[in-house]
Amino acid sequence: MLRDITIGQYYQTESLIHKMDPRVKLGGTLLYIISLFFFRNFWGYVAAAFFLGLVIRLSHVPFRFMVKGMKSILFLLLITVVFNLFLIPGTELVSFWKLTITVEGVRTAVTMAIRLTLLIIGSSVMTLTTTPNNLTDGMEKMMKPLKVFHVPVHEVAMIMSIALRFIPILMEETDKIMKAQIARGADFESGSLVKRARALVPLLVPLFISAFRRANDLAVAMEARCYRGGDGRTKMKPLVYQRRDRVGYLCILIYLVVSITVGRL
Amino acid sequence: MGIVRTEKLTYEYIRRDEEGNVEGITTAVDQVDLDVEPGEFIAILGHNGSGKSTLAKHINAILYPTEGTVWVDGMDTGDESKVWNIRQTAGMVFQNPDNQIIGQVVEEDVGFGPENMGVPTREIWERVEESLKAVGMYEYRKHSPNKLSGGQKQRVSIAGVLAMHPKCIVLDEPTAMLDPRGRKEVIRAVRGLNQVEGITLILITHYMEEIVHADRVFVMDSGKIAMEGTPREIFSQVEKLKSLRLDVPQVTLLAYELQQRGIALPDGILTTEELADALCGLAGGKGRIS
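Which chain is which? The protein sequence lines are A and B, in order.
Reminder that position 138 of the first sequence reads as 138 in our numbering, one-by-one numbering, no gaps.
Converting from the second sequence to our numbering requires adding 265 to each position, the first position being numbered 1.
These aren't lab readings, by the way, just hints derived from the structure by calculation.
A couple of the hints might just be wrong.
[Stated by the list, open to error] Simulated crosslink set (PhoX-like; lysine-lysine; CA at most 25 Å straight-line):
1. A:K176 - B:K412
2. A:K141 - B:K412
3. B:K412 - B:K398
[To be verified] From chain A, some residues computed to sit far from chain B (all C-beta separations above 12 Å):
4. R40
5. F63
6. R214
[Stated by the list, open to error] Between beta-carbon pairs, the in silico distance windows are:
7. A:A183 - B:G463: 26 to 36 Å
8. B:E404 - A:Y241: 30 to 40 Å
9. B:G457 - A:S123: 46 to 56 Å
Quick reminder that beta carbons are idealized off the backbone N, C-alpha and C, glycines included.
Take these sequences, add in the hints, and give me the full structure.
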């Protein structure tokens, strides 16, 4: 049961967006999100939505997968809208009981909702079209200049990719320990929240011990295979910009110029 | 001089209590002399706690001797400047396949060693391909290691070591966590490397069946080498093996029991065919056991 959980939400298919260098996608997403905060009028959002729609079409990922990511923030979205709707002072639109809705309130609420929706869908396009592994690689390469400030870029990327590899293993282990405990009469499913939380302790202790043992084994195995940090290391799959990546950057640039010009008219 | 040589190798684990005071010293490896020729297939046997794994970890410079010296291809493991050369010359495969695979895709894991050594990208791909082919895992190169069986994972680990182009591979109980089928797969793969590529093998195990094809066998007991010889020589000493808490293969045991009952069989029978032939010989060629 626990094994079925997939990490990240990568959607496997062949597309131009999938093949693109992760750095383009990371940088593009970042710029896209920033652009959303620059708009002063409605047309900027139209341009942003249009661009996003285009990218989604190119990615061959069904639209319902994009919407999936929305579900998790629906609550947050609702709160944002409600608060903006009722709490922003200005010209009165309607008023009932102790609540007043203002014109400015409606405008901010709608803008916020559109902004958040575009932001979430925009970033899910990236996670849906890039494997976690590729993403770590991209981040490592992009953050490389930070090495000057002694940021352990390679190490962080290595930690992330090892974590990704061990999550399914540890999940399987959790499952095993859980079954072993259930076989001996442990009860994880009934009782109050406190009781259930307490039932997790005998699950977590062996899990932690085993995780540390695995970490130690892995460290020895890595050293045995000559791992000595990022210096002097070559890459089996180095990231090299292709033509499509340059075109990708160009598209993002065009989008930025157009949307910000339109959005700040 | 051999590819792996130890002289009076001694290693002591120091046990400490919570305040850090020395509680006691356990001598895991005690005055061991070993000399392995290039291309040899060596097996090291011993029950749990006999010191065989500790000995193995010295060959890869993971542990350093308390006393004595270890040379790998002429390099002293105590020489810190040579550590990476030693680890590349003598690769190591560990017991738990899950805890030694780093990559999320089979081919990436095999490439991990060469990446660390700074091998150029194109050559990494060549090495990965040839290593995966050598252990028969090439068609799984795009798979996630999590989806493979134990024997397959262990073969990937072996390919990962092989891609570093070692002269010698130390296998520390590589089959202890596998089912019989996985065990056979792994042993077949490493024997192939020894016979085809001429790589020196040091196999640490407590399964008797796996050492039948070894050139030389060392049996360890409480840190010392208790027996040494060809598999046949070792297996002919059933009583001594039993006293060292080791089991002999079923065929050998059967032959031994028959011998004890007064049937004139040769010492150290290793395979079913040998026993069948010997028994047929006794029958004076009158019949064959079918």
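These are the hints, each one checked on the structure:
1. A:K176 - B:K412: Between K176 of chain A and K412 of chain B the Cα gap is close to 17 Å, so the pair holds against 25 Å.
2. A:K141 - B:K412: Violated: K141 of chain A and K412 of chain B sit about 29 Å apart, past 25 Å.
3. B:K412 - B:K398: Holds, at about 19 Å.
4. R40: Since the minimum Cβ distance to chain B is about 44 Å, R40 of chain A lies beyond 12 Å and the statement holds.
5. F63: holds (28 Å)
6. R214: violated (5 Å)
7. A:A183 - B:G463: 26 to 36 Å: violated (50 Å)
8. B:E404 - A:Y241: 30 to 40 Å: Holds, since E404 of chain B and Y241 of chain A (Cβ atoms, about 31 Å apart) stay within the stated range.
9. B:G457 - A:S123: 46 to 56 Å: holds (49 Å)
The structure fails to meet hints 2, 6 and 7 from the earlier list, while all remaining hints are met.
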